[in-house]
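Protein chains in written order, with this note's numbering: chain A, 84 to 469; chain B, 84 to 469.
Bear in mind the hints are in silico, worked out from the structure with no lab data behind them.
Heads up, some of the hints might be wrong.
For chains that are exact copies, the list does not tell them apart, and a pair is met inside one copy or across any two.
Claimed, not checked - Pairs of lysine-lysine residues, derived as BS3-like cross-links and limited to a Cα-Cα distance of at most 25 Å, are as follows: (1) LYS132 x LYS225; (2) LYS225 x LYS280; (3) LYS340 x LYS390; (4) LYS458 x LYS139; (5) LYS101 x LYS418; (6) LYS110 x LYS225.
Protein chains: 2
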Amino acid sequence: MVSNYMQNMMQEASLIRKMFEAGAKLKAQYGPENVFDFSIGNPSVPPVKEFKNALKTVASDSGISHGYMPNAGEYSVRNTVATKASEEQKTPIPAENVVMTCGAAGAINIALKALLNPQDEVIVICPYFMEYKFYIENHQGKMAVVQSSADFDLDIEAIEKAITTKTKAIIINSPNNPTGKVYSEQTLRALGQMLEKQPNPIYVISDEPYRHITYGIVVPALFPLYRNSIIATSFSKDMSIPGERIGWLAVNPQAEKAAEIVNASIIANRILGFTNAPALMQKVVALCLDNKIDSNIYLRKRDLFVKLLSDLGYEVSVPEGAFYLFVKSPIEDDKAFCELLLAQNILAVPGKSFGKIGYFRLAYCCDDDTIKNSKQGFKNAIEKAK
Amino acid sequence: MVSNYMQNMMQEASLIRKMFEAGAKLKAQYGPENVFDFSIGNPSVPPVKEFKNALKTVASDSGISHGYMPNAGEYSVRNTVATKASEEQKTPIPAENVVMTCGAAGAINIALKALLNPQDEVIVICPYFMEYKFYIENHQGKMAVVQSSADFDLDIEAIEKAITTKTKAIIINSPNNPTGKVYSEQTLRALGQMLEKQPNPIYVISDEPYRHITYGIVVPALFPLYRNSIIATSFSKDMSIPGERIGWLAVNPQAEKAAEIVNASIIANRILGFTNAPALMQKVVALCLDNKIDSNIYLRKRDLFVKLLSDLGYEVSVPEGAFYLFVKSPIEDDKAFCELLLAQNILAVPGKSFGKIGYFRLAYCCDDDTIKNSKQGFKNAIEKAK
């Protein structure tokens, strides 16, 4: 007697669950060291010691409150985050424009709840993080898919063509999951200029939890390039704490109706059931905001994995950030190729899950050995595919 | 450019915000000790020492994971909660039927997302917790309001009359916010028997964060009395940690399509953006599940407050649980009376906010002195109202 929507969801979700179940079964059967799980972006790198110290400090503070707080979060935490966000965005952002959230997923959901009327359209760039579709539909919006260019960059012309009178927002994700692409300042400026010409304001929601995981490149500040912009992000990836559900939203002070959007997002935080971001974790991250995971750890894994796959004849573009490889499937049918990989105890996600057939995604936020020891399996799979 | 729905919400919310702002202003002006804030159910009683110890233990455990986990929560935590829930519900509940959530608000939202088709109706009992309306509307449902009986009990006949072919669920809340009523076993059995006769399954969602805050009374187990039942609850009130957003949902194993509802709720946890209940706090509460706040602390406050108000001529029913008094307004217009109280530096919530005109709510989860020192203000207000 579940709803029709969830009935369908459960069928879709059961495909992913089947993969996880297959993985768990393989691990039980062959031992975890003989299964090469590149399926989820769950960092194996532990949180930095400053995080652990901050956690101990907050946990031992007998005077700390675990009570309700303003739905936007502790003011002092918002203020600390606003200072950091102002640097990142090269724009003065007052604490009042920052809302602490239950991760980036919470941040995107409250932004969409604040903005969308039923049937409003939200543009996403393909390949895209598969959850966007559900987040948009949670608030009765419609997802409009625009293909990225051949090198996974934003195709400004294609985006412009997809805009209708119903378009309310665009979600971008840079560094990108699954492609690892970082949109350049030039690209973002072109996007902003094109959007500025539209008759109605179209808000760019920039989902950027991988901002601090880049390889010799700085993610450009979006706020100076386009005023109707919102950052939705989390500490999940750069602090390796995705289970703690802590992130934030910031609305560009120059955005049209900025104060209204902030207020609506705060109320959305309350009425969607988040209420407020977890109290304790707000205080912990505020104490160690500058202490991110060293990107070089992931750089080493990236280079190791790219070389391993290239040597075997896989076609793989080198990611500029995040910790995913989006690899061309040696055969058109990416699902079938992932089955071939599975037969080698390798877990990968088909491109279809990101709306992009003919590719598969590998998460390399795992041990180096998992990458190294997967070589024979990747070799066997590509040979079988030929 | 926020959505029409949120635009309206912001106007409604601004009334509540105005009250809070008025309160903050009064506190700044007269000193917090001269303002009597009975507006929010934010416990002033600190968490028990076992909670603080469990928190320190988990925070110091260097091996603990802050990573992603199954969307339903850590299996071991679900199992511990299931054991406790089985006792409370006098029904064996497997760990698989328990989902860890971001508080009771998260639990209710995932249950509604799992169940509701657009336009499905959810019955709530008036006076009701004002957020229910938003939770139902988040998932495109419609709230149907049924009045409670004169003594704030369930009016089974009235509920039966309100049932239509679209009725999918009923939310009950016992001990009740705002009335403090605890529904008896007899009442719940009668509710179950009436629902059992309906052609379509109607799920009872029992919101019970105050279960362990009662005064010489045990909240009856619902599961043995009606099979299509779901518990949605949290540790916010009985552990005094509402800011930490940790709770759980349990589906009666005897419920029609129980496994489907559990699965849909787990997926809803993911797609609504909660992802999973905060990782660290799951482990903390599992370590101190039996260590609740002593209800006698609130019993003393209740008796103090009831006597104080009765002596002044207020008409107040004695709550059996939770920490609210729902007091008859000496004048019909409860909003006007709350203004009179505000003029005495007393913050109360008008009954209108719970759908019930002619009453006001006082939260007594505050210091004893706040209650004692409010006497003159309550005296002046009732005299002015005459």
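Against the structure, the hints:
1. With identical chains, the CA atoms of LYS132 and LYS225 are never at most 25 Å apart, being 42 Å at best within one copy and 49 Å at best between copies.
2. Proximity of LYS225 and LYS280 under a CA criterion of 25 Å is satisfied intra-copy only: 23 Å inside one chain copy versus 40 Å between copies.
3. Taking CA atoms no more than 25 Å apart as the test, LYS340 paired with LYS390 passes in neither setting, with 48 Å inside one copy and 50 Å between copies.
4. In this assembly of identical chains, LYS458 and LYS139 lie within 25 Å of each other by CA distance neither inside one copy nor across copies; the values are 41 Å within and 43 Å between.
5. For a Cα distance limit of 25 Å, the shortest separation of LYS101 from LYS418 inside one copy, 13 Å, qualifies, whereas the shortest one across copies, 56 Å, does not.
6. Proximity of LYS110 and LYS225 under a CA criterion of 25 Å is satisfied in neither setting, with 39 Å inside one chain copy and 46 Å between copies.
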